[in-house]
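**Student:** Each chain is listed here by its residues.
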Amino acid sequence: MTVDSLITETASRLFAEQCTHSAIQLAEAEGGAPGIWSAFAETGFPWISLPEEAGGSGGTLLDALEVLRLVGYYAAPIPAAETGILGGWLLASAGLELPEGIVTVAPGSRADTLMIDGDGNASGSVHNVPWGRHAERLAIVRDGLVASIPVAGAHVEHATSLAGEPRDTLTFTNASSDRAAAPAGVDEESLRFRGALSRVALMAGAIEKMSQLTVSYTNEREQFGRPVAKFQAVQQHLVWASQDAALARMAAESAGRQANRGDARFEIASSKLVVNQAATRATKACHQAHGAMGMTQEYELHHSSRRLWAWRSEYGGVREWSNWVGDAAIEAGADGLYPLITGGSNL
Amino acid sequence: MRFTPTELTIDERALQLEVREFLAAELPPGSHEPGLGMSARSDRAFSKKMADRGWVGMALPKEWGGSDKKAVDRFIVVEEMLRWGAPVGYHWVADRQTGSVINKFGNDEQRERFLPSICRGEIGFSIGMSEPDSGSDLASVSTKADRDDGGWILNGTKIWTSSAHTNDWFICLVRTTPVEPGGNKREGLSQVLIDLKNTEGLELSPIPFLNGEHHFNEVSFHDVFVPDENVVGQAGMGWNQNTTEMAYERGGPDRWLSPFSTVEQLLRETQGGDLERPVVELFGELTARWWALRNLSLSVARLIDDGDAPSVESSLVKEMGTRFELEVIEKLVELVDHELVSESESLFQRLLAQCVLTGPGNTIRGGTIEILRSVAAKGLQGLPA
Ligand SMILES: Cc1cc2nc3c(=O)[nH]c(=O)nc-3n(C[C@H](O)[C@H](O)[C@H](O)COP(=O)(O)OP(=O)(O)OC[C@H]3O[C@@H](n4cnc5c(N)ncnc54)[C@H](O)[C@@H]3O)c2cc1C
Chain B
0 MTVDSLITET ASRLFAEQCT HSAIQLAEAE GGAPGIWSAF AETGFPWISL
50 PEEAGGSGGT LLDALEVLRL VGYYAAPIPA AETGILGGWL LASAGLELPE
100 GIVTVAPGSR ADTLMIDGDG NASGSVHNVP WGRHAERLAI VRDGLVASIP
150 VAGAHVEHAT SLAGEPRDTL TFTNASSDRA AAPAGVDEES LRFRGALSRV
200 ALMAGAIEKM SQLTVSYTNE REQFGRPVAK FQAVQQHLVW ASQDAALARM
250 AAESAGRQAN RGDARFEIAS SKLVVNQAAT RATKACHQAH GAMGMTQEYE
300 LHHSSRRLWA WRSEYGGVRE WSNWVGDAAI EAGADGLYPL ITGGSNL
Chain F
0 MRFTPTELTI DERALQLEVR EFLAAELPPG SHEPGLGMSA RSDRAFSKKM
50 ADRGWVGMAL PKEWGGSDKK AVDRFIVVEE MLRWGAPVGY HWVADRQTGS
100 VINKFGNDEQ RERFLPSICR GEIGFSIGMS EPDSGSDLAS VSTKADRDDG
150 GWILNGTKIW TSSAHTNDWF ICLVRTTPVE PGGNKREGLS QVLIDLKNTE
200 GLELSPIPFL NGEHHFNEVS FHDVFVPDEN VVGQAGMGWN QNTTEMAYER
250 GGPDRWLSPF STVEQLLRET QGGDLERPVV ELFGELTARW WALRNLSLSV
300 ARLIDDGDAP SVESSLVKEM GTRFELEVIE KLVELVDHEL VSESESLFQR
350 LLAQCVLTGP GNTIRGGTIE ILRSVAAKGL QGLPA
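Sequences listed follow chains B and F, in order.
Per numbering that gives the first Met the number 0: the first sequence ends with 346, consecutive numbering throughout.
Per numbering that gives the first Met the number 0: the second sequence ends with 384, consecutive numbering throughout.
One chain only, chain F, in its complex shape:
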């Protein structure tokens, strides 16, 4: 394991500047309610504007509507969007992972069907991994696909599905071959694509968040027909594909920037005032930690561009980054030291209220920190003393 410091090239810095100018023009501070990192609102018009700049699916091949850009380029665009609290929700999953999965494992017909519309910011994806009885132990998923003429018949339930009510498509991990007694649970799984809007037998019901917000859904399948052309890659190889997909999810700026817009807003609201030393010290501590974490996270993106598969590194960054997010929130709450009101006049306090209520999910979504530690610990065992 080795994280090598890296810096932005001249072209990369030009991209950073371009993104900043775009955001300053589109969403000047005060003109919009910033989101908390990747939990930001879904806004199709905004996704479209980003896509017009070539910033959605930018790492995908030109042939399919992408820009053949690198992981570092995407890192630059994404970090600016997230720290700004821009409404990236609609294209988020498609841009971060589904586009890459279809490109890597799908066939040309699937690439043709999905990638250009992903890159135009016109299609939103949800992730169907978790089930009521399968969380951390993902290989135990039991949504069952039975063979039928030209496809599969699906029965089962996916749960905790973020934004299935606003997205268009669903990429699901399902069991296409039953596990023999004593067999390997990781075999016989497949990834399938399902239309969330026009599928007979698909039932979608909201699971309100603890604060009443509609984020989660339960999606159940009652004899849903999935044609063969919607199976991604090889039937039965879903576990490996899914593991690759999760690697795209880990270690990026979305794992450490969630409370940034809140901290930035605190600075905006206290600017010009006489700040007490503990407040100055807190700004110092958070700034320094973000500086160091960003350097680590950026080095992971560079490793990916150099052809490495830094799975231990990205698990370490994600585990550390999401714990840092919670630490930021705790420190802000201590600093405020009075009751928070979700309708506060102060944008900072509104954001902090939101941070407190949704923060616990940060160290759970996309694999809990406990599971990430197990992954990382295995990687560490090989280290020389």
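The following block holds chain B by itself, in its conformation from the complex:
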């Protein structure tokens, strides 16, 4: 199973054109980028992997993850994951209507108080909701049901991620929702794994972009009469960042392939863990190689690095996923450990 190369080409072209340095900057100042979103939505990209009968764009999960990788690469300030493989997926799999606008999900916070009563009325708050203020619907899965709640009536409190992207608090008071039974395999746990998989794809793109940016910057910046990339100490940063870019992309694509086939919990957990750590190492190396320039708003490194700092903590950090994979390793036992590494979820 491979990605249609037309998707890569078209999405790259679109993002390269739309997601200029100043456009991303503006999106942050204004809390969103409606222009970029509508150009993106026009192509049908947000709904890739959702079945056409349900109002989606068809295609595979791998195609959708490739688009997310490019969203990460170009730092596109849009809720692509939420509208597509997270919220859109919840709605479509339960047979609920896909709205024309943005769908978002509640990633799950300890402070959440949202309850849905027997009549489908929702009350309470959800936190850190990506692009909450721009969403048409909030998709929720719990207790065997998927609910689609209109956001229009909610009280919205603005908050932002480290990358300056909206992560809002939505408070509902007796908001009526549409509900339908969640089919097998659609539950809180599977949403959490999908959320992690979406972040892994985004991060793989961002690390690659950041590492390429660092190679070109250090080849242009001269000190002591030559490009700083000629210094071995700087080359070390370049090599380490490009290793992490390769490691992250390999992890993301391997997990994506398995998720496209079926149970991929081992691969997703492992990839989120590995990519979180790669993001931490690579942002450190790339910032170091840029000197003070990397610390400015004027230069574009922060579009990638700040997103990585945000995404590495979303849908589970190193602690959560190392516990998950560690439990799997212990369950596999000494004789099963290497077969787990080579066979993963197929074991």
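Just so you know, these hints were derived from the structure itself, not from any lab.
For clarity, every value in this text was computed on a predicted model and none was experimentally measured.
A hint or two may mislead.
Derived pair list, reagent style EDC-like, types lysine to aspartate or glutamate, alpha-carbon separation capped at 20 Å [to be verified]:
id, chain 1, residue 1, chain 2, residue 2
1, F, K330, B, E319
2, B, K229, F, E369
3, B, K283, F, E326
4, F, K377, B, E221
5, B, K229, F, D136
6, F, K330, B, D326
Computed far set for chain B versus chain F, every beta-carbon distance over 12 Å [as the list claims (entries may be wrong)]:
id, residue
7, S21
8, A53
9, G94
10, S108
11, R109
12, G123
13, E156
14, T217
15, A328
Which residues of chain F face chain B? A partial, calculated answer using Cβ under 10 Å [to be verified]:
id, residue
16, E78
17, S129
18, E268
19, T286
By construction, the Cβ of each residue, glycine as well, lies at the ideal position given by its N, Cα and C atoms.
Given the coordinates of chain B, work out where chain F with the ligand should sit on it, guided by the hints.
**Tutor:** Leaving out everything else, chain F with the ligand in the frame of chain B:
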């Protein structure tokens, strides 16, 4: 630079299963002292058993005793052997590189002489690159070969030669044409084959490892005669041949699996107990990293089979893999948090003691990580932004 994910085919998975069954029957856990990856013991009988299965020199042509298999097939066999800590030391170098060098650059007479016995697991090779004054700067080697009737007369010293005392043959990089002042050091080098056991004027002395183990040797040549039929490929082209040889050395499972048997044994010894969270987290972290690294390394083997020469990719994997090995060892030491004893009752602790003592060599052997970074950095400069 691009690493494309790849998966094992049905045939490849069948091979993996066959290797696992072989190991479970030959070396059931508890029946042998596992080694640390490629530093495992030399055991001729075991090499022979592997060869009987067709797993030594498997990528060499059938015509010369090999199996015409692919790099990925060899990857599968090797990763299972290494993670098991199987005693692959005797045939290791011949299987990984020397067989391929002789096949690629040698003549039919040399192929006939060496390849069938390599594939039967009956001949062990050592590598003669380093010298007392030539480490990272390998092109500066000064072992000198002077022209003589029907061959060359060798004088000089090779150093850090792994297992020269247990192996049979030696492939050496020597200078057959002196460098002119201002000339190119990479020209005038040649690769020659020398019998370690029956060569007059060859002197072998051990250089004990820091823990007393006999691994390294110094091999010196005093007017050693090397007949022309023992020169591999074209005299003077040794540098290019040697560079190709080093590409076979890099990026494979031997560069990231050394402490695996130690971690597996830790799991065996803690199984059934109530593990503290930091231990669980460590198992998780290592498992996930091995999963991702293996996918990268496997993709390099697939690239080779597709006809690519992924030298930047394999340098990146080797640099990253060997640093990971040291990270694993550091984390295990932190976890144990008390003194290690080489004679411990616990196999895990014996292995970890060995890891600590030999680990620093992992990021040096086969080209240091600093040199690998220079190679990789050059490859990266061509990247589009
Ligand atoms: C376990 C083990 C087994 C070995 N087995 C064999 C064998 O069988 N046959 C054989 O021929 N050799 C063998 N070697 C030797 C090995 O190939 C050399 O150790 C290696 O190439 C480095 O050379 P050196 O030790 O002389 O270090 P040096 O080259 O002296 O390097 C010392 C330090 O300087 C750094 N350095 C040197 N030049 C540069 C540069 N240009 N840029 C940045 N840093 C630099 C190095 O990275 C290193 O950190 C073995 C080594 C080990 C540890």
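**Student:** Give a verdict on every hint.
**Tutor:** For each hint, the structure was consulted:
Between F/K330 and B/E319 the CA atoms are separated by roughly 19 Å; this keeps the pair inside 20 Å, and the hint holds. Straight-line distance between C-alpha atoms of B/K229 and F/E369 comes to about 14 Å, which keeps the hinted pair within the 20 Å bound. Pair hint B/K283 plus F/E326 holds up; C-alpha atoms about 18 Å apart against a cutoff of 20 Å. Taking the CA atoms of F/K377 and B/E221, the gap is about 17 Å. The hint holds against a cut of 20 Å.
At roughly 19 Å between alpha-carbon atoms, B/K229 and F/D136 fall within 20 Å of each other, so this suggested pair holds. Distance hint between F/K330 and B/D326 is fulfilled; the C-alpha atoms sit about 18 Å from each other, no more than 20 Å. Listed as outside the interface, B/S21 is consistent with that label: its C-beta sits roughly 18 Å from the nearest C-beta of chain F, beyond the 12 Å cut-off. Distance check for B/A53 against chain F: the nearest CB is about 29 Å away, which clears 12 Å, and the non-interface claim stands.
The beta carbon of B/G94 is kept farther than 12 Å from every beta carbon of chain F, the shortest such distance being approximately 33 Å. The Cβ of B/S108 sits about 22 Å from the closest Cβ of chain F, beyond the 12 Å cut-off, so the non-interface label holds. Remark: the non-interface label on B/R109 is consistent with the geometry, its nearest Cβ contact in chain F lying 19 Å away (cut-off 12 Å). No Cβ of chain F approaches the Cβ of B/G123 within 12 Å, the least distance being about 32 Å, so the stated non-interface status holds.
Every beta carbon of chain F lies more than 12 Å from that of B/E156, the smallest distance being close to 34 Å; the non-interface claim holds. For B/T217, the condition that its CB be more than 12 Å from all CB atoms of chain F is violated, with the nearest at approximately 10 Å. Chain F draws B/A328 into its interface by the beta-carbon criterion, the shortest separation being 4 Å against a cut-off of 12 Å. With its C-beta approaching chain B no nearer than about 8 Å, F/E78 sits inside the 10 Å limit, and its interface hint holds.
Because the closest C-beta pair between F/S129 and chain B is about 21 Å apart, greater than 10 Å, the hint is violated. Residue-level restraint check for F/E268 holds (minimum Cβ-Cβ distance to chain B is 8 Å; threshold 10 Å). At a threshold of 10 Å, the smallest CB-CB gap from F/T286 to chain B is about 5 Å, leaving the interface hint in force.
Consistency with the previously given hints fails for numbers 14, 15, 17, ordered from lowest to highest.
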